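Okay, so the sequence shown: first residue is 835 according to my numbering, each after it adds one.
Take these hints with a grain of salt, some might be off.
Here are the in silico distance ranges between beta carbons for each label pair [stated by the list, open to error]:
| hint | residue 1 | residue 2 | range |
| --- | --- | --- | --- |
| 1 | E867 | N887 | 13 to 23 Å |
| 2 | R922 | G868 | 48 to 58 Å |
| 3 | T838 | K929 | 50 to 60 Å |
| 4 | K929 | S866 | 55 to 65 Å |
| 5 | K886 | D931 | 26 to 36 Å |
| 6 | E840 | K930 | 54 to 64 Å |
| 7 | T838 | K886 | 18 to 28 Å |
Listed below are the simulated DSS-like cross-link pairs for lysine-lysine, each with C-alpha atoms no more than 25 Å apart in a straight line [what the hints assert, rightly or not]:
| hint | residue 1 | residue 2 |
| --- | --- | --- |
| 8 | K847 | K862 |
| 9 | K856 | K886 |
| 10 | K930 | K920 |
| 11 | K930 | K915 |
| 12 | K847 | K886 |
| 13 | K929 | K915 |
| 14 | K862 | K886 |
Just so you know, these hints were derived from the structure itself, not from any lab. All values reported here derive from a predicted model rather than from experimental measurement. All C-beta atoms in this analysis are idealised placements derived from N, C-alpha and C, irrespective of residue type, glycine included.
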Amino acid sequence: MGYTREERLDIGKQIYNNEINKSDAAIKYRISEGTARDYMRLYRDVNGLPPKNRIQKDENTVKISAHSSEPDLSEYESMTKEELVKSRIREARLKKDTK
Numbered sequence: 835m836g837y838t839r840e841e842r843l844d845i846g847k848q849i850y851n852n853e854i855n856k857s858d859a860a861i862k863y864r865i866s867e868g869t870a871r872d873y874m875r876l877y878r879d880v881n882g883l884p885p886k887n888r889i890q891k892d893e894n895t896v897k898i899s900a901h902s903s904e905p906d907l908s909e910y911e912s913m914t915k916e917e918l919v920k921s922r923i924r925e926a927r928l929k930k931d932t933k
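From just these sequences and the hints, can you work out the full model?
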């Protein structure tokens, strides 16, 4: 199914403005995700807009630094000896899994 330039721009606008994602647009308009992406790029380029930031998808993701310059020991101060041992075992397992 072919779409006019105006229709492609409208589909691209919806994707660019996060009204619909590429997968949903592909299903709704019976196009591939690559074509949906191309429509979004067409809309962006015609209107002189900046590229979408991929990080927008992860705005609710909390990023944790694996290496802190100063460890926060307040959590450990209130632990019993048994809890401390379990915590160290857990940390050692996590380190082993990441290697």
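Hint-by-hint comparison with the structure:
E867 and N887 have their C-beta atoms about 19 Å apart, which keeps the hinted 13 to 23 Å range intact. Range check, R922 to G868: Cβ separation about 49 Å, and the 48 to 58 Å hint holds. Remark: the range hint 50 to 60 Å for T838 to K929 is upheld by a beta-carbon distance near 57 Å. Between K929 and S866 the Cβ separation comes to about 43 Å, which falls outside the hinted range of 55 to 65 Å.
The hinted window of 26 to 36 Å between K886 and D931 holds, with their beta carbons roughly 34 Å apart. For E840 and K930, the Cβ-Cβ distance of about 57 Å falls inside the hinted range of 54 to 64 Å, so the restraint holds. Distance hint check: the CB atoms of T838 and K886 are about 24 Å apart, consistent with the given range 18 to 28 Å. For the given pair, K847 sits about 15 Å from K862 by alpha-carbon distance, which is consistent with the 25 Å threshold.
The suggested pairing of K856 with K886 holds, with an alpha-carbon distance near 13 Å, which does not exceed 25 Å. Pair hint K930 plus K920 holds up; C-alpha atoms about 15 Å apart against a cutoff of 25 Å. A distance of roughly 23 Å separates the Cα atoms of K930 and K915; the hinted pair therefore holds under the 25 Å criterion. A distance of roughly 12 Å separates the Cα atoms of K847 and K886; the hinted pair therefore holds under the 25 Å criterion.
For the hint pairing K929 with K915, the CA-to-CA distance comes to about 21 Å; that is within 25 Å, so the pair holds. At roughly 22 Å between alpha-carbon atoms, K862 and K886 fall within 25 Å of each other, so this suggested pair holds.
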